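Can you make the complete structure from the sequences, with help from the hints?
As numbered in the numbering used here, residues 1 to 245 make up the sequence shown, in order.
Note that these hints are calculated values from the structure, not bench results.
Keep in mind it's a predicted model, so treat the numbers as computed, not measured.
Take every hint as true, because none was put in to throw you off.
Each computed DSS-like pair below joins lysine-lysine, with the alpha-carbon atoms no more than 30 Å apart:
{"id": "1", "residue 1": "Lys204", "residue 2": "Lys147"}
{"id": "2", "residue 1": "Lys147", "residue 2": "Lys188"}
{"id": "3", "residue 1": "Lys29", "residue 2": "Lys188"}
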Amino acid sequence: MFTGIIEELGTVAAIDHLDDSAVITIDAKGLVHDLGLGGSLAVNGVCLTSVRDESSSPPGAPTAEVQGPFTAEVMGETLRLTGLGALRTGDRVNLERCTPASGRFDGHVVQGHVDGCGELLSRDDYDQWSTLRIGIPNPLAPYTASKGSIALNGVSLTLTAVSEPSETSAWVEVGLIPATLSHTTFGKLATGDPVNVEVDVLAKYTARLLSFPAETTAAEPATSAETTTLFNSTDSSTRQGADNA
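Shown next as structure tokens:
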């Protein structure tokens, strides 16, 4: 799991295209010095698995100075459904390590599972901030709301505006401060560039739950009143059932 707080800007060092997949190598600086085989890294919001062995790090190099690369195998479906398929050697990418259990939770719940690929429609750059409008796949529009959360290229952002249900093309807008622009790829994002979109997972689960018809069965959980009666009962057989519940 991630939180959408970008830790480092990496650089695509190499892309080896295979039949229906690719091996991507990224210069992640010291961010992956201890990320061994099987470790997770979000690259522009896409959770990728490291295929790099820690033994490839320079022997005896100080931890902070290890400039080991991050290498991942990316299947064809991921290349087609995300912006990773458009990456070229030298491109900059947003990087985030998975969140430790004891870490701070500064963004929102980000899974690294991209829901669709959008594109930058327009941007207005002001002295102290920039407003970006991102076109998103129409099926994702119901999961967006003004002042709600979204992950764009792996960055946890608050939506400042969203398209109306009556509009034929869905879009979202975000406002970015200079610190975000300089610390992520959004500072140089150009009109037409692809943007990986991950909508709020809570919205997805809510929509999924509401898609099923409500059913009343005998297996429904007991009400709070029933639970209180059960555990306050003085009948031994009733109490034994409660203790084993």
